[in-house]
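> Kindly produce the complete structure, drawing on both the sequences and the hints.
Here the protein sequences come in this chain order: E and B. Heads up, the first sequence is in this note's numbering, so the first residue is 1 and it goes up one at a time. Heads up, the second sequence is in this note's numbering, so the first residue is 1001 and it goes up one at a time.
Accuracy of the hints is not assured; some may be wrong.
30 Å max Cα-Cα, derived DSS-like pairs, lysine-lysine [as the list claims (entries may be wrong)]: (1) B:Lys1212 with E:Lys422; (2) B:Lys1212 with B:Lys1034; (3) B:Lys1189 with B:Lys1072; (4) B:Lys1079 with E:Lys344; (5) E:Lys496 with E:Lys421; (6) E:Lys421 with B:Lys1087; (7) E:Lys119 with E:Lys253; (8) B:Lys1134 with E:Lys344; (9) E:Lys801 with E:Lys723; (10) B:Lys1212 with E:Lys2.
If you anchor each label on the Cβ, the simulated ranges turn out as follows [unchecked claim]: (11) E:Arg444 with B:Glu1226: 55 to 65 Å; (12) B:Tyr1135 with E:Phe413: 30 to 40 Å; (13) B:Tyr1135 with E:Thr345: 28 to 38 Å.
Rather than coming from a laboratory, the hints here were simulated on the basis of the structure. Note that CB positions come from ideal geometry on N, CA and C, so glycine has one too.
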Amino acid sequence: MKNPLIKRIPRELKSEWHKYLVIMIFMVVMIGVISGMYVGHDGMLEAVYSGRETLNLEDGSFELSEEASAELLKALGTGQMADVRQHFIDKGFETADKEWAKTADRYHLDEPHTARSVKIYENFYRNEEEDCNNDGKADATVRIFSSDSKVNMASFNEGRAPESDSEIAVDRMHASNVKIKLGDVIKVGGKSFKVVGLLSYVDYLTLHESNTDLMFDAFGFDVAMVTPKAFEELTSRIHYNYAFKYDKAPEDKVAKAEYSGDFLKALVTCTVVHDVEIKSYLPEYLRQASNFAVSDIEGDSAGAAILCYILIGVIAFIFAVTISNTIDRESAVIGTLRASGYSKTEMVVHYMTMPLVVTVLGAIIGNVLGYTLFKDIAKNLYYESYSLPPFQSVWSRTALVKTTVIPLVLMFFINLFVIVKKLQLSPLRFLRHDLVKSRRTKARRLPRWSFLRRFRLRVLFQNMPNYGILAFGVIFIELMMCFAFGLPDSLDHYAKEAPGMMFAEYQYMLMDSRDADGKTIETAENTAERFSAETLLYPKQKASFREGMGSGQDESVTVYGIADNSAYVSLDGKTKNGGVCVSSAFAKKFGLKEGQQITLNAEYENKSYIFTIAGIVDYEGGIAVFMDTEGFNAAFGREDGDFSGYFSRNEITDIEAKNIAAIITKNDIIKVTNQLDHSMGGIVRVFKYALIVMTAALIYLLAKIIIERNEQAISMAKILGFKNGEIGSLYIIPTALVVIAVSILGFFAGYGLMIWVFKLFMLKMDGYFAFYMSVPSMILSVLYLLIGYAVVSVLDYLRIKHIPMDVALKNIE
Amino acid sequence: MKEDFLEIRDLKKSFGTGEARQEVLRGMDFTVKKGEFCVLLGPSGSGKSTLLNIIGGIDTPDSGFVSINGDKLEEMNEKQLTLYRRKHLGYVFQMYNLIPNLNVKENIEVGAYLSDRPLDVEEVLTTLGLQEHKYKYPNQLSGGQQQRVSIGRAVVKNPDILMCDEPTGALDYKTSKEILALIEDCNKKYGNTVIMVTHNEAIKNMADHVIKLRDGIVRHNDINTEKITAAELEW
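Okay, here's the thing in structure tokens:
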């Protein structure tokens, strides 16, 4: 015989539908959104990763001054270094040894070399002017590739590849920004083309025109595809760009760096021997246009993870309260069943069923919505930022684990704990409704207030445990409110403060301290000061919320070598004894203290550096380590006089652009906030409004519990002749007072918690900024909660009004 | 001559400590035979409900023992006690404690589920006069009807002992007599031993065995030779 108690579950769901509907909506929305974010995230990454294979992404590329001969390509394909010395001798250079020494020194040609054989592809392009509205003015630079390219190919989000010579396919992101649609006619290089496709090139997920651009520009730069004949007919010069792929692919970042170094030696020597000039060389792993978006997406799950953890806490909490309340209400039935021979396990299983059923239902519906409706929210967030290939829906194991397995496991254990604890009592105590461990033997003495006031106070005291639960719930809500209000505030605040955080208005990072002729790069700018810099990685595994599929495991740290008596960074001689100073942002983010040792790793080499922290420099703009130039040179094996760039208060105009790798201004500092705003801004704003509804839902559930627990007393008060209004004031006013008090206290608790949660959140992101909330936001976060409660109290009043008098009469024992 | 089925020896139980200590059972001894209709009679505070709870294995004595069919309850652990209640006992309380979202038939099935040899649910419904109400929910029934369901839930298990704690305490005269008649019928029809706690003196007349309690001890332990039917009871 099937346990007849099972039949209660669907009926309970039906009879208490409003309660379970609220819980279910709560779960479905949260699980749906988070599942959607993960599915969107994983699907997008899958699309990018699979595109790398199917669209044949290069391992690197180089541009030559002229088209390479078949011999040169053959030589490069072997990956062997050419004999440059012999070449100089053959050329009759009298100073062959000297020439060789110079070249060998510059490219470390004397060091051991392993030949990395490669397959080389032509990937020629032209940079043309694009006039997208046919007004005769150039709107953007467009990089044109031929449609017959066999490397770095494109996927089509809409439309198709050009088939006739007057057709063109342009980048989807650029098209969206400048409002180009399929069928439009645009002018490229003075010639009209009909747009037949919106594409995404696998090597241009972000539209970086040059690899040294700090930010991509999807308005002023475009990539496009035309037929080979149309490509031939364009007039601007051809860039002889060649892409290569290793015959045996390197396995990790360190190997990629080694391979790239080895191939560069072959490239340098072979081009010298074949009298061709290298215009550029870029291994793919350093290519911003193909990696920037990926690393951003990979690290993008931190926000979703935080939401997920808060959600699980809230749902588990609601269920614990609901179940505990149900057991209290059904105490006599439980006692009877236990006395009749139902075992504790049977009762535990019975009461566990409902939360698990609701969680499973919520998770199923949430996941279905996640894979359909909400997936598009995340997808669109990415599409608004990057030139990504068509989305591929994938089965996201992470989404399933985070939104279904973890909530289920948590539900299971939290409920098991609460129910087992509740059902520990003997059947007799259940029969007697004696569920409280200790009971006050004497009534509290109250001041001589009016009867109603004292009554309210009694209600307050009597419901203390319920109000405790309410307080817990309000803290959760406030935590979410602080998140919803605080994140945009923090982003704005940081962006506003950023200029003040710069220790130099301009930081010029040079390609090398010497120009092509070997001369040291100098400037006449008075305020310029030399500095050295290296980028290392700080491992942050202790903060990982989400393993796999994302890099996000290492923080990028800029190590500066600062000149003595620097006008920009004051080290106060602290680093003289071999120590280093860290930026205050670095110290705060990872809780670093003076005297502590930190280990930094080279990203592309198997090298580690251990430094002792001698001081903290007040710099909130980045994760940085500062040391004196001498210490820097010693640590990184640099020669005296070597440097990486200039700090300057004014713009430097006398250094040639080709020698500058990057100029760091405040835009670079606020990159982290821009990135966050890009990826989370929209969802946080939606989240804020969803929170008001959730707040009301949560208070509704909690206030319902208080009224339900007092149903009998309310019914009795009605029998005694109290009016609904009076009873309402007896039961609603104490709750209102508690909600107001607890909201204010909850705000402080939520705010404090959020500062801590934010710190964890920041660990997952690159860079650092502190949690900030403006005063209006603080007030609003409490006000929203109170507005939610005002709505609930109206419902409470209606509920009180509907409690019949026979509740008290039927239960006299 | 029927054999002793339930044996109670020197049963003591007290509540509280120090000055507040109250001895509820102060050494009780009696036996009940299989199939007997036994009434435990006494005023409030005489210890009858405590005694019933101890016999039912949901409370424990301070000393002495309860033995059912030779098995001593004090030697059973919690699991064995649950099994004992499951296999041998049926409980009827003054409050019906029905499951509100199960209908009459399902409430009775809750009892049937526990038994290895349950009675036919339909037959029990007929016996209790609940056939026409079997799809109703408890809140659609009168107090007397609800108590019938509660008896059905206990009887359907076909228990060795039917424990009734003031089963008519919340009912009017007429309904009380109907309920008593039902318990009497069940006792006759299914042969369960009935132990009924009541403070209603009149009920003793329908019992085989009357045990009067006062201040925690057995004052009278009588076999009723002039038993009348429930229908004949007057109070």
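> Which of the numbered hints are not met once you compare them with the structure shown?
1, 5 and 10
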